[in-house]
Amino acid sequence: MDRHKTYRSLYLIRRVEEEIVRVYPSDKIKSPVHLSIGQEAVSVGVCEALDPTDVVFGTYRGHAMYLAKGGDLDRMVAELYGKVTGCARGNGGSMHLIDKSAGVMGSSAIVATTIPTAVGYAYASKLSGINRVVAVFFGDGAIDEGVFYESLNFAKLKKLPIIFICENNLYAIHSPQLQRQPYNNICDRVSAYGIPSKRIEFNNIEQIYEVTNESVTENKSGNASPVFLECMTYRWKQHVGPDDDFDLGYRSTEEADIWINNDQMRIIGNSLSEVDRISIEKTVESQIASAFQFAEESAFPDTDQIYQDVYKET
Amino acid sequence: MEREINYSTALREATESEMSKDKSVIVLGMGVDDPLGIYGTTSGLQDKFGPDRVFDTPVSEDAMTGIVVGAALGGLRPIQVHIRMDFILLAMNQLVNMAAKMRYMYGGSVSVPIVIRSIIGRSWGQGPQHSQALQSFFMHVPGLKVVAPTTPYDAKGCLITSIRDDNPVIFIEHRMLHGLTSPVPKEEYAVPFGQARILGYGDDITIVGISHMVVECLRARAYLSLKDISAEVIDPVSLNPIDIECIVKSATKTRRLLVVDNAWTNCGASAEIITQVLERAQGNTAIQVKRMGFEPVPCPTTRNLENVFYPNAQTIASTAYSLHSPHRTPWMPEGDEAPEIASFKGPF
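Just so you know, the sequences run in chain order A and X.
Read in order, the letters of the first sequence are residues -5 to 308 in our numbering.
Read in order, the letters of the second sequence are residues 201 to 548 in our numbering.
Think of the hints as simulated: they come from the structure by calculation, not from any bench.
Where a beta carbon is used, it is the ideal one built from N, C-alpha and C, also for glycine.
A few of these clues could be false.
[Claimed, not checked] Derived lysine-lysine pairs resembling BS3-like cross-links, with alpha carbons at most 25 Å apart:
hint, chain 1, residue 1, chain 2, residue 2
1, A, K120, X, K223
2, A, K120, A, K153
3, X, K490, A, K152
4, A, K153, X, K223
5, X, K449, X, K490
6, X, K223, A, K150
[What the hints assert, rightly or not] These stretches of chain X come out as covered by chain A in the derived footprint (C-beta under 8 Å, 3 or more residues):
hint, segment
7, 340 to 350
8, 362 to 369
9, 471 to 477
[Said to hold, decoys possible] Just so you have them, the derived chain X footprint on chain A, three or more residues with Cβ under 8 Å:
hint, segment
10, 70 to 83
11, 90 to 100
12, 141 to 151
13, 194 to 206
14, 216 to 230
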């Protein structure tokens, strides 16, 4: 794992989202945002192990995945602002980020919906003889959905080059996992499909990277087959929106503190020399400032855009 | 002498020719490779194109539809087959929330070229969960196209157009049409969407049929001629886009419009067609309108109730007659059950 690149990615995501938090009360971002703060290590650990030609699919909590995979920062912020320069020209917003040139194939606002689309993409890659791995991110809420199991079944049946990544942040909105599932045994359930599965505790970014890297290598060496990672992680902010939500009482600050004290961004940052760390931070800060300025200065779409792109003209 | 083939064979020909031309076309669905081959429409395709391009699937409608959508994003042009349209209800999330919206919500950066073939229709007591025709669900949603060809000629040409289309197409086939024959060219041809066909000209009333109901409407037209009523019968062929101008033109001429759907009337295709026609004609022409479709109940299984549930040539003729001559005594022609229905034997 390249610790400089990794830190850059972690720091970028954290700081972009902190800027979103800062800007949000101005109402310049007029749509829901589901922040990844606290969960960045999963996206970064996985995406650092992927090649640029590999492809990711994700969820409405997708800023981290988009940026970790190299999605264009200016176009992401502009998309949140609803500007025509956004990655979806303002049609999508925070929940529908896409940057095909970086292999970000889209995020969706409906739990588990991109799991089968990622599997289908992997099928197309395999059939077309392209040596590519697909990674799909989803939460522990997606494990409740039937389509998750259907997708595992087909992926294993056809031996597809796909990595399933469950970001288990312990809650689906405000519902704890054990209120929705009888056991905390997601990996066991996946193993029953013959899919190797591994649970990585406590946001451990180095392990996430190592396991992904092994899976990518194995998949690209002619032994395509699905792999499953359950990455234990924690969302610091509320389910949707810029604030904390400890006042709701469904979880405690004591619970959160354990994770906050294990902040992977800080840990990786502290392992670099101070000069290197500050240099990375300076560069990223200037990129972020420039991205928000780009978003501020960009135009809203013309109103006739509303009728465009419903269908592709054949 | 023009070559005649049946609807099933026309569908197989269309699929085979497109698969030969374009390696990205694949066919999947439960039973596409089995000995029955979806009523012959997929027979022999796996032998010719191999199991990676033509394959049976797990009984996972939701995931398989998502897989089809993802495969399309990855450069394939999948044809997914549902032997009953009722099964599509398990896949609505992927069709409505994903396939229909991806191009738009990703700002035009992707397209989803998929064909969802689905078989509808009565036949031999299929009952409430094996007979539904849900075209109106899909007509409601921007981003989807919906076609329901009636003739073997249109079946072949529309399937080719559907496969080449870069958008999700819901392709609806009525089971009672699969055995019907008509002249079909051997070579490939594309039937454009959004062009209705006038299958019988007339001046007194316009009758629009959908899918198998077109066949019943043509029979009704023959009955009506016995009463000196000349009916113009229109097959929209594609429902979204729909050639509403053709129907407006005809109804403006005849001043009477009967729409016979192979589905329920409430919020259905018939309601949509009539509304669009009246919106365009209001202020210019007064048009008398009437809808026909399934009775507003789940489809019963036993034959005598099933016969009440569906419109047929006699009830269509009778309804058209009353719309045309509201002050005369109602009339219903004597006649036999449609031969394709009378002769059909299940169980599959």
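Now for the hints, and whether the structure bears them out:
Between the alpha carbons of K120 of chain A and K223 of chain X the distance comes to roughly 14 Å, so the proposed pair stays at or under 25 Å and holds. Using a Cα cut-off of 25 Å, the hinted pair K120 of chain A and K153 of chain A holds, with the two alpha carbons roughly 9 Å apart. Note on K490 of chain X and K152 of chain A: the hinted pairing is violated, with a Cα-Cα distance of about 51 Å set against a maximum of 25 Å. Between K153 of chain A and K223 of chain X the alpha-carbon distance is near 21 Å, which keeps this suggested pair within the 25 Å criterion.
For a cut-off of 25 Å, the pair hint linking K449 of chain X to K490 of chain X stands: about 17 Å separates their Cα positions. A hinted pair counts as satisfied when its Cα atoms are at most 25 Å apart, and K223 of chain X with K150 of chain A qualifies at roughly 24 Å. With 3 residues having a beta carbon nearer than 8 Å to a beta carbon of chain A, the segment 340 to 350 of chain X meets the requirement of three or more and the stated coverage holds. Interface restraint, the segment 362 to 369 of chain X with chain A: holds (4 residues with C-beta to C-beta distance below 8 Å; minimum three).
Residues of the segment 471 to 477 of chain X lying with their CB closer than 8 Å to a CB of chain A number 0, which falls below the three-residue condition for coverage. As drawn, the segment 70 to 83 of chain A meets chain X at 4 residues by the rule of a beta-carbon pair under 8 Å; at three or more, the given contact holds. Counting residues of the segment 90 to 100 of chain A whose CB falls under 8 Å from any CB of chain X gives 5; the rule of at least 3 is met. For the segment 141 to 151 of chain A, the stated coverage by chain X is satisfied: 6 residues place a CB nearer than 8 Å to a CB of that chain, which reaches the threshold of 3.
Counting residues of the segment 194 to 206 of chain A whose C-beta lies closer than 8 Å to any C-beta of chain X gives 0; at least three are required, and the coverage claim is violated. Only when three residues or more bring their CB closer than 8 Å to a CB of chain X does the claim for the segment 216 to 230 of chain A stand; here the count is 0, and the claim is violated.
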